[in-house]
Amino acid sequence: MLTRADESLSAREAVLARYAAALTAAPWSITPAFAEQFAAHGLDGDAVQAATGVVAMFNYLTRVADATGIDFDYASPLPVFQPDRDRDPTPRPARRHWPSVAGEDRTLPAFPDLGQAWQRWRTHVFDTDEPLTGRERRLLAAAAAQESCDRTRAEDLADTVPGDDRESLLDTFARRLSRQPWRMTPADLDGLRAAGYPEPALLHVISVVALQNAESRLAMGHALTRR
Amino acid sequence: MAWLTTIPRSEATGELARTYEAMAARPIPDAYQPPHGDAPGIIRAHSLDPELMRLTFGVSGALHRSTLSWADRELISSVTSRTNQCFY
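Here the protein sequences line up with chains B and S, keeping their order. Residue 127 in UniProt numbering sits at position 127 of the first sequence; the count goes up by one each step and never skips. Residue 34 in UniProt numbering sits at position 34 of the second sequence; the count goes up by one each step and never skips.
Same shape as in the complex, but just chain B (with noise of 0.2 Å):
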């Protein structure tokens, strides 16, 4: 995903660089190899694992900051950084080549105070009743799990499917989010607001999506390049 920048990166950098894109991208589509380009670099396990978590909160945050229309609030000396709104997202593979990833898997075993606050955090977005059912949750989340293509969780979640107008209306904003963050505009808010949903609803209604987006990003990472 990087192009002139990558001449100014050393080439462990770049390893780094390359997964982080891929990841985000298309986390279904990483391979031993990059396993293989880590060690070569120097980077253990810890550091990948780190690396993946690193990945994973920022498929949640850039959802959050994409879905919420917040305005970039940080003083920078670097140009502007201007979205390509119109890219086209990229292709998912057929159902039978996502990747199955174990309940053991999908934390990472190295920082095991984050796999907490992790655990603290998916309960209260994914487990909780309020402003959101358990079964909304539900629906937002196998939607996220499948544009992500994680199999193991799309098929944990494979019996929750829209079964109203207001139900298809959280799977579309689910999927849009999932696959092309970019392109989310005040109108999707809008839609679910004209469905009822009150401003609490909708920030865990985001925070279901970015959050399953992640998880699902840090068990594909953590389970394809564990050696």
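There could be a bad hint or two in this list.
[Unchecked claim] Per the computed footprint, the stretches of chain S lying under chain B, defined by three or more beta-carbons under 8 Å from a beta-carbon of chain B, are:
1. 48-57
2. 63-70
3. 75-88
[What the hints assert, rightly or not] Just some of the chain B residues that point at chain S, by a computed CB distance under 10 Å:
4. Q49
5. A56
6. Q116
7. W182
Honestly, the hints are just simulated from the structure, not real lab data. Even for Gly, the Cβ is constructed at its ideal location relative to N, Cα and C.
Starting from the structure of chain B, add chain S where the hints point.
Frame of chain B, contents of chain S only:
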């Protein structure tokens, strides 16, 4: 102006005010201190649920204590944002 309702630090009360206070007390590089003096937009985006705010940034804080250098984390987060065509 964000598309989702947010509550600035100056209008926060109760649990939200306490959460903002705890967030502001964390050691944060100057580059992440917005010039407007309010909490950064990505934090304010979570202001309708202070517990979500606390839990979310508890995880990002734990990542800062990992074995990767600040420069490596910045590189990875920048590439992730750019790949997602996001300014953040």
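So, going through the hints one by one against the coordinates:
1. 48-57: holds (count 6)
2. 63-70: It holds: at least three residues are needed, and the region 63-70 of chain S offers 5 whose Cβ sits within less than 8 Å of chain B.
3. 75-88: It holds, with 13 qualifying residues against the three required.
4. Q49: holds, 8 Å
5. A56: holds, 9 Å
6. Q116: With a minimum Cβ separation of about 9 Å from chain S (threshold 10 Å), the hint on Q116 of chain B holds.
7. W182: The hint holds - W182 of chain B has a Cβ within 10 Å of chain S, the shortest such distance being about 3 Å.
In this structure, none of the earlier numbered hints is contradicted; all agree with it.
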